[in-house]
Every structure is written in C-alpha cells, then in structure tokens.
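**Q** Put chain B on the given structure of chain S with help from the hints.
Residue numbers (the working numbering), protein chains in the order written: chain S, 1 to 680; chain B, 1 to 680.
Incorrect hints may have been included.
No copy is singled out in the list; a pair is fine if it fits within one copy or between any two copies.
Once the Cα atoms are required to be at most 20 Å apart in a straight line, the calculated SDA-like pairs of lysine to any residue come out as [what the hints assert, rightly or not]:
hint : residue 1 : residue 2
1    : K534      : S520
2    : K534      : T511
3    : K534      : P632
4    : K524      : L569
5    : K570      : P550
6    : K524      : A501
Hints in this document: simulated from the structure, not taken from any laboratory.
Since this is a predicted model, take the numbers as computed values, not measurements.
Protein chains: 2
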Amino acid sequence: MGVGDVSKRILLGRKLRSSQLGETLLPKRIALPVFASDALSSVAYAPDEVFIMLSLAGASAYMWSWKIAIAVAIVMAAVIASYRQTVHAYPSGGGDYEVATVNLGPQAGTTVASALLVDYILTVAVSISSGAQYAASAIPALSGHEATFGSLLVLLLMAMNLRGIRESGSFFAAPTYLFMVAILGMCGIGLFQLFTGNLPRVESADLTITPEPGLEGPLTTFALLFLLARAFSSGCAALTGVEAISNGVPAFKRPKSKNAATTLLLLGMIAISMMVSVIVLARQMGLKYVDPHDLDRLTRDGQALPADYDQHTVIAQIAEAVFRDFPPGFYLVVTVTGIILVLAANTAFNGFPVLGSILANDGFAPRALGSRGDRLAYSNGIVFLAVMAIVLILAFDAETTRLIQLYIVGVFVSFNLSQLGMIRHWTRLLQTERDPAERRRMVRSRLINAIGLSFTAVVLVIVLVTKFLAGAWITILAMIFFYALMRAIRGHYDKVSAELAADEEDRVMPTRVHAIVLVSKLHKPTLRALAFAKATRPNVLEGIYVSVDPVATDKLLAEWDERKMDVPLKVLHSPYRELVRPIVEYATEIRRSNPRGVVAVYIPEYVVGRWWEQLLHNQTALVLKGRLLFTPGVMVTSVPYQLRSSQIARERQLSDDFRVRPGDLRRGQVDERHPDELRR
Amino acid sequence: MGVGDVSKRILLGRKLRSSQLGETLLPKRIALPVFASDALSSVAYAPDEVFIMLSLAGASAYMWSWKIAIAVAIVMAAVIASYRQTVHAYPSGGGDYEVATVNLGPQAGTTVASALLVDYILTVAVSISSGAQYAASAIPALSGHEATFGSLLVLLLMAMNLRGIRESGSFFAAPTYLFMVAILGMCGIGLFQLFTGNLPRVESADLTITPEPGLEGPLTTFALLFLLARAFSSGCAALTGVEAISNGVPAFKRPKSKNAATTLLLLGMIAISMMVSVIVLARQMGLKYVDPHDLDRLTRDGQALPADYDQHTVIAQIAEAVFRDFPPGFYLVVTVTGIILVLAANTAFNGFPVLGSILANDGFAPRALGSRGDRLAYSNGIVFLAVMAIVLILAFDAETTRLIQLYIVGVFVSFNLSQLGMIRHWTRLLQTERDPAERRRMVRSRLINAIGLSFTAVVLVIVLVTKFLAGAWITILAMIFFYALMRAIRGHYDKVSAELAADEEDRVMPTRVHAIVLVSKLHKPTLRALAFAKATRPNVLEGIYVSVDPVATDKLLAEWDERKMDVPLKVLHSPYRELVRPIVEYATEIRRSNPRGVVAVYIPEYVVGRWWEQLLHNQTALVLKGRLLFTPGVMVTSVPYQLRSSQIARERQLSDDFRVRPGDLRRGQVDERHPDELRR
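Bound-form chain S, shown alone:
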C-alpha cells in the first residue's frame, strides 16, 4: 500500500467491500425516521382541515371533532394492520404495485402505479405548501408570498436530489425524533394543563364563526352527515405515507419483514396519538379555524377582524398558547414542523425513482429508468416531479386546503386495490396450504385485510362523493393519463419485442467482411484504427478519405505513399464539403453489390476530457455513427485514441458511478466502495 493510499484512506474513511454491504442496512431506530416523515408530517395539516370543514356549520359543530379524530384513528389502525400483513407476504419492496400486479393482474398494477405517481407529485405540493404556511407563521415577512417561497423550496430540493445527496439515516433521525419530542411534548404539557384545569386559550378562542349560508340553523340529518363525511375525508389525509414502509422492506436489517412490521406498528401508534391529541387539545383550547378564503366569517364581539389578521395553523396556535411563557418552545415546534414537511416532500423525490425503476423493469416506463447507471433518466424524473409540483403550488397559490381536495384519492385507490390483492393472495395460498396452524394464521391475515378493505372502500366512496367536484376530478384525469401512457409504453415494447424475436435464419453468417477505415489525416488514431482493422482480417480492407480540398488531398496521398502504407486509400470527392453523406453512400454501394456480406466501418476517434474540448472535437464522428446505424448491413466500430486530457473524464465517470442516487437508501442499495478501488 503506497503512501498515497494510506493518506486517502485516512481522509475518506475505511472502504467497505461489496460483501460487507449488510452493515449499511437500517436498524429499526433509524428506519423509523427514514420512512416516517411522510406519514407523521400530515399531523401538520390534517387537523386543520377537519376544523375548516366543521366550521362551515359554525363553532358548535366542533363538538364532532374528537369523534372524527377517533374515526380516522380507527381507519388508520386498520390500514396499519393490513400493511403489516403485506410486509410479511411481499418483502421485496414492490409494495402496493407488486401486490396488485401479482394478485389482480397488470391492469390493476398499472392503476396503482398511476395513483402512486400522482400521489408523489401531490405529496411534494401539499407538504411544501403546508411548510410554507408554517414558515409564514414564524416569519411574518413571508405572509402572502407562500407560493413563491414554496416553489423555491421545491427547486432547492430538486437541485439537492440532482446533485445526489446522500439520503442517510442520520439525515432523517435528528429532525424526525425532534419533531416527535416537540409535538408529543407539547401535547403532554397541554393535556397536563387540561387535567390540572390550567389549560390556556388559543389566540382565536374569543372569535365567533358565522356559519355558511344554508348551514346556520339546526342541520338536517342528511346535511349533518354530509358535513361530517367531508370533515372525515379531509382528516384521512393523515393516512398518507403509511404505505412507505411496505416499499422499503429491503432496506431493513434482518429479519427484514419482522423489523418492518414492528416499525410500522410504532409509526401507527405515534401518528394516532399525535393526531388525536392535537384535535382534542385544539377543541379544548377554544380554537376557531376557517378556510383562509373565508376569514370574513370570523368576528370578534360582532366586529370584523382587521384586514391584516393572520390565521395561524392549528399546531402553531396550540404551541403559542402552551408556550406563551416560553417562546423558544413555540419556535421549536414551528421550526421542526416545517422541517419535517420538507423531509416529507424529499421522500417523494426518493420514492419516485424507486417506483420508476420497478415500472421500467416491467416495461411500463422507459427502460433507462431501470438501470442505476443512467443519470440522465434519473435527472429527467426528478425535474419532472419538481416541475409538476411547482405548477400545482402556483396554480393553487400554495393553499393546502385546496390542494388536499386532490390529494387522498390516489392514496385510497391504491389502498383498496392493495387490500383486495392481499385477500386474493391469502385465498390462493389457502387453496394449497394444509398445515392447520399456518392456515389459521392465513385466515386471520385475510380477515385483517378484509377489515382493512371494508374501511378503505368506505373512505374511498366518501372521498369521491365529497371531493370529486372540489378537485379530485383533476387527480382522476391525471391518473387516467398516466395509466394510458404506461399501457402505451408497454404496448410499444411488446411490439418491438415481437419484431425482434429470433428465428433460425438469423444465425446465417455474413459471407464476407468489407472493412473500410475512415481517414482524415495520417495521425496516431488513424494508424491505430488501421492496425485494429487489419487484426480482424477482413476480406477487403481499404482506407477512405473524403476530399473537400484538392491541396489537402494531394498532401495526404503523398504522405500515404511516403509511409508505404500497405492498405489502399480510396478518395471520395465531396464538392459541397459534406463528410457524412459520401461515406454513407459508399457503404450503401458496397452492401448493394454484395448483399450477403457486411460492411465494417472503422472510425478513428480521439477522446478528450474537458467539456469544452468535447465541443471542439468528434462532432462529425458522432453524426456519422448516428447515420450509419440506419444503414442496413453496416457495423460501425469506434477505435478510440485517448489523449492525455481524457484521464480527466475517466476519473469523473468513475466518481459518478459511486454517487448516491435518490431512492438508494430505500432500496437498501448503498454501496460504500470508493472509486479508488476501481482505479488500480
């Protein structure tokens, strides 16, 4: 080991061999924050939406808030229980998509995939919009500029993910645990104050809510039911993100499924406690909360509020009241809530490529997404996600309340298909399983999934009924679009595959090889190409020179003779300074005169390393190779000659290989080897 190696090792840390990879898998205490940020962050906006919906009938309707919280908690418990079955049955990380595809067929799988795609976009839009609201409640100067600020945040996330940030456990652990401590701590203090009778009132406690026209008096049963259904379906936004763990099983330490199931249970309990506590506390502290568009429905002592009244989010109001004598507590809660929302958005940037690569492997997305090596494909996906999210944020002016109407349709479509798939899964297994203990376990699992399905089906119907006109139709249109796109891509791949299927005649060997070496000058690359071409012992070998200038042509011919080249040189005249067309025409000509032979075109290329050097070179070779690909019976050989500066590009490529790509952590694919190892 040289001195350089030693110093590098000191600087860059111990290298891990590929076989040591197990060490980088996630223990539960790290996996929880990695996969929890999306699910937990919804406590930052789901309670607000419940109160907004109930406020339509005035503050008296808030008496229903804790019942709605319980209903959402029950549904969440059922869903969590269902997904615990899924992580045991499908530990490969395919999640809902895999469950639906395997058990219900590719059409159900594609439906789930399109729902998930739309959902990733909405996760970014909703989380960032809500995060921008929290930022505005801590920094008053941001008020009114939430959409701009949110778009900038999305651009920042995009840039970080394009650069390839290492989504590491520690990256998530600190803020997520801090968030749990802050929210649960705040709720704990608040509940303690409640029981000791010292509970403070929130800033909006002395306000009065004017009900919406038509909802003033005692409500009809139907109107009440519809109102509660709307509040409930908005509250179900708290369920988004619980499926993340089922996509991340491969990243867990062994026993993977068991650890994933335990983590899921933990996540569910924390999420439910947070949501129920926040809703109960808010109600007890006298919160009055309306749609930000309807601030004129809030009055104080019969007077309209001042025009600059700023309605703070539910958690911000509770934190302000609980920590009234300790402002750092307020800022801690608001700050970590904002951070967790940004982390939740980042989750989508990591989940999107994972889903893309799974779809690519099944032929529903461009193949390039399936290979880790294709940086361009990754980048396109990330840019697409960011652009779509920004469009939504700007179109809906970063208003969480309006975006949430679009949000949970997709989640519940995939919940439903996934539960249905799991029921089929157990039914199928039960047909062959004979062991009674095992059968009992399966029947129990099937029951859990059936309960889950019945809950999520009811929610989906409620969501569709209450939200279709409010915005869910946009989601459904987008899902149909993605569905059609994926089917079309798959159709194309199938068509190509059929056209490419091998039959016997394809094994016929060409009768002769006519090799031509392109000559532009008599320099090292040309000599190397001639030598390599000669080494393949073709039936005919000749150099080809495209002449655009008689003086240069004569000079080359003289040099050719002088060097006693043992390969004939053919000159093609090109009066219009074209280089590409004469060569393509000549190759076509050779092939035409001998249709069973093959033309081997050798192109000497010298390669340089810096981007501006690449602008100055090789354009013609690139164009020519592109053209010859479309010429039947021709094979094109690049004979590279590496100039000294090409070393720069080689090293850049090597370090690029080891760059972490979004989603790697979730797939358990973190390779800690260092480029040096390959450079030997």
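**A** This is chain B only, laid out in the frame that chain S set:
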C-alpha cells in the same frame, strides 16, 4: 419510373443532377439584389445620423450636410474601387479575411475575422432597430415598443434560418428592386420639384433647433472640425455591407470575377446616388432632426413641442412631403425600407455561417462549423447571433443613434487590413511579373488600393477619436475577446495535432483480438451481432450477460443451451442493477491480462425511427459506448438492427441532407438534387 415517382416529380419539380449545378449560379441581375440589401439599407439611417450630429450646433450647421455627403461618397467610391481589385485577385470568396491572412499573416486574419464577427452582430442590431423605427412611423401603435418589436423580429429571423429557408434570388430581387425604385423615384420627383420651384417642406421645417450648450455661438475652428468629423464618421455607416460581394464571388456566373466587379460598381453608383439625393433633398425641404433623446431642443415659434411629438426618420419625412397628395407613395417607401432593413439583417444570418466555416477550416473555430452536415453547429451559430443582437437591441433600447456608435469600427478595421494586404499582394506579384502590360495593370491596382487605404485609414482614425467613448470601446473589447478565443481554439487544435502526430511504433498490429458480444436477450439483434463478430474471426469470442435478476439469468442460460449456441456465454453479476460498470471492468480486466491485444466489444443495437421511440430505447448502449471510449485498448462496434419504424428516421435524415442552410446561396452551393435520388 413508377406512378409515385411521376407524381412526386410533378409535385416537387424537375430534379437537377449535381453536374447541372452551374445553372443555379447567379446572373448579375439576381446577384445585385442578393448582395446589395446590406449596403443599400444603410441609406435608411446614415443620413439621419449626419443630421443628428450637425444639429448639435443648430440648424445653421446643416449647410455642411451636402459637403459631408460628398465626402462620404468619395470614400465609398475609393472603397468600391479597391474591392473591385480584390474580387479579381481573390475569387475564392474568402474576402477580407483571406486577403489579410495570405498577405499579412494569421494574426491580421484573426483580427479581421473578429471584426467581422462583431459586425455581423451589429448589422442585425442596427438594421432591425432602424426597421423597428420605420415600422413605428407607419404604425403609430408600435411607438415606444421598438425594442420589443425588434427583438421579436430577430427571433423570427432566427426561427426562419433554423428551419433552413431557401435564400433564393427571387426572395431578394423583388423587395430590393422595389426599394431602389421607391427611393430613387421619390428622390427623382423631389429633385424635379426642386428645379421647378415646387419643392414642398417637410413636417419639421417650421421647427427651430436649440444648439447644445457650448455650441451656440460661432464655433471655434477646432470645435467645428470636431463636429464635422463626428457627422462624417456617422455618415460612413453608409459604407457597411459593400464588402459582401467580395465574400460572394463563388456564387456568380462565369466570368465570376468580372461579373462581381461590375455588380460592385453598379451597387456603388446606386448607393451614392441614393445617399447624396436624400441628404440634399432633406436639407432643401427644411428638415430639422435631432437625437430622439433631445426632442426638447426642438421648438415651434418658441413653444416646446407637445409631449407626444414623434420625430419621423428622414426618409419618412421626405416621403410624407413628396407624396402629400398621394399617401400610397408614402406607405410604399416606408414599407419597402422596413423590408430591406430586415433583409439586411438576414444577410448577417447568412454571412455568419460562411465566415464560421472558413474559420473552422483554418482551425480558428470549432471544426463542426466547417462541415455542411452538422446541423447542430449551424444552429448554435444562428442562435448565438440572434441572442447577442437581442441583447444589444434591448440594452440600447433599439436606438439606432446609440448603436451606430458601436457599428463602423469593425468595418473600418477590416477595410484597412484588407487594403494593406492588397498592397502587399500587388507588391509581391510585381517582384516576379515581367510582362510590362501586366505590370502596368498591377501598379495601377496597387495605386487604387493605396488610395483606398489612405481614405479608410483617415476614416478609422476619425471614427476612433469621435466614437471611442460613445460606445466604440464596447466593440473593441468584443473584438479582443473573439480574437483571444480564436487563438485559444487554434492553440488547442495545434496541441492535439502535435500529440496525435504519427510515429513508427503506431503501426504495430495487436497480437490478438478478444471479442465480446453483449447479450441482453436472445433476439435477432443479438444473433446478428454474434454472426458479425464471428465473421471477423477473433482469437476469442464470447457472449457477455450482465445478470441483475437470477430468474431472468436462468431463463437466458436455458435458452442459450436449447438453441445450441456455439459461442460461450459469460455471466457477470451486478447486485446493484448496474449494466455499464461491470462491462467496463471486464473489458479492462481482459486488456490488463494481455496488454498487447485488443478487446473488441460488439453491442447489438436495434434502431427505431420516431423521436419518442428513441427516448424509450438504446440509452444504455449510448452510455456504454461513451464509457468504453475512455477505456484504453478497446474498440467498440455497434451492430445495428433496423426495426421497421427506422425507415422514418432514414427518410428524415435524407431530406435533411438536402435542406438549404444559411449562407449556401452566397457560397454558390445550392444543390437542387432531391432526396428521392438517393433512396433508390
């Protein structure tokens, strides 16, 4: 000939063979409009600038206007006479750049080239700005939006040139001749009215010009001289564009040089008549014209003008007065003047790539610019020109008066170096020439060029003195930048060339060829690649499969056995779904174990035709080829398999070959063959 061919021939016109190309060369009557628009269009703004400069000392200074016109005319005559020598001596179309390079060395040549590059940008900016002013004088709604309108015009020209419009003779002939008729007709009518004593007054005739502070009283001799020098140097803008013919000699019909010289003479006479007539008429009709920024210096009967007073260009004012009883005449003059200005700007879009290809062939610009086939390079040049012109138009708010300060420095730098080069040229020829008649002719030519040089040198000094601070410094900075860039590009090419220079050891043939064929599936492209690779009889031949999924791997291995493939298949395991790195590593490994051999990598590729199909395929092959180019001792062979849809791309490429590119007409390179001919 099939029915299809006949109908195509009817639709698309008679095909011309390459040998019939002579027919598309330009007769004088077409060449004049093609090359004249730039030079003639300056009559649209040069007189205005003369009057603006003189107005600084009040309307009394206008008594100098016709003398300045005569001075400019004399310089123009001298320059025209000089260029008539150039077109005889250098008929290849290299123009000033060639003259300077051959006679004064590459540094002078590069200086001329950088001057011309800057000038092309300014031609677009000045012509379009002036055109926007004419448009505003006919369409009052455009007033105040000249910069936006001008930028849109540049974008339109850019789009047309990117599409590849056919710059044909008829495209130029009609508007240019109409312009000549309109302006000369207007001047003729005006002069007739002058002699019959019926000359009308222009709209600004009853205004009074307040001189600039400091220039009110009788001027000192020095102040007067400086004022006249400024007016004269602005008037010299009329000389821009006369050099265009010297770059276009190859496009003329035989005898090329003689026809070009005659056309140049005609052009000079027309330009001089127009300019002198306009200036004389304007003065006689009582024109008052000031810098558009100084409109407050114009008064009527001691009263300030209304705030919305719109000062129309000189030609517009004359036309308005001459055609006061016949408004269509006014609109004709203004419209054709606007059109000729846009054509002049288009001239730069055509001249820029011509210069680029000449520079590329000498190694001063990226090589790609030198080959007609490279559409990308052409496009980049056109976009660059348009963007720079738009930046200038917006920065100077489309004010011709301010842009003109930057304009003519470049022109006169190249005039001077070119004249100096011509003098050297004749001196050199005289050293060997013995025929007395020929010697007399040469001495006379040298005298003409010497007179030209003395005039243009004086003008250059005047321009530098009067305009340096007013904006010429920007031009000079830009010239220095382009100069340095061109030298750097040439330096890079020279360095690469030295590194590539051949020596004897390069002829050593590789001792053995180890061929590997990349296998992804056992389909037609793979079978073809295996057959082609086998046909080259390598020392070792093996298939390589990168395994990312054990199930797919087993399936392939089984199929390989079943089909009794006679080539061994090697499986490389890739736990991270990478495709590229394992192959690069394997190739490096083979090469390392046998450093004198060569690794031949065969990549089966299927090619599709539509752009969206290309997005779905071949990404990995592209990345892999890029990577292997940087791996020493490897040659990379693409074995294409053309799918049915690839025919679409092939036809698109063929028709692209025949697309006319900007500048083709000027180079005499219009190939009228039709793609069908190649499609046999």
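**Q** Now, for every hint given, state plainly whether the structure supports it.
**A** Structure-based check of all given hints:
1. Taking the closest pair of Cα atoms, K534 and S520 come within 20 Å of each other only inside a single copy of the chain (18 Å); across copies the shortest separation is 29 Å, beyond that limit.
2. Taking identical chains as interchangeable, the C-alpha atoms of K534 and T511 lie at most 20 Å apart whether they share a chain (18 Å) or sit on different chains (11 Å).
3. Taking identical chains as interchangeable, the C-alpha atoms of K534 and P632 lie at most 20 Å apart only when they sit on different chains, with a minimum of 18 Å there against 23 Å within one chain.
4. Taking CA atoms no more than 20 Å apart as the test, K524 paired with L569 passes inside one copy only; the shortest distance there is 17 Å, against 34 Å between copies.
5. Proximity of K570 and P550 under a CA criterion of 20 Å is satisfied intra-copy only: 14 Å inside one chain copy versus 50 Å between copies.
6. Taking identical chains as interchangeable, the C-alpha atoms of K524 and A501 lie at most 20 Å apart only when they sit on different chains, with a minimum of 6 Å there against 42 Å within one chain.
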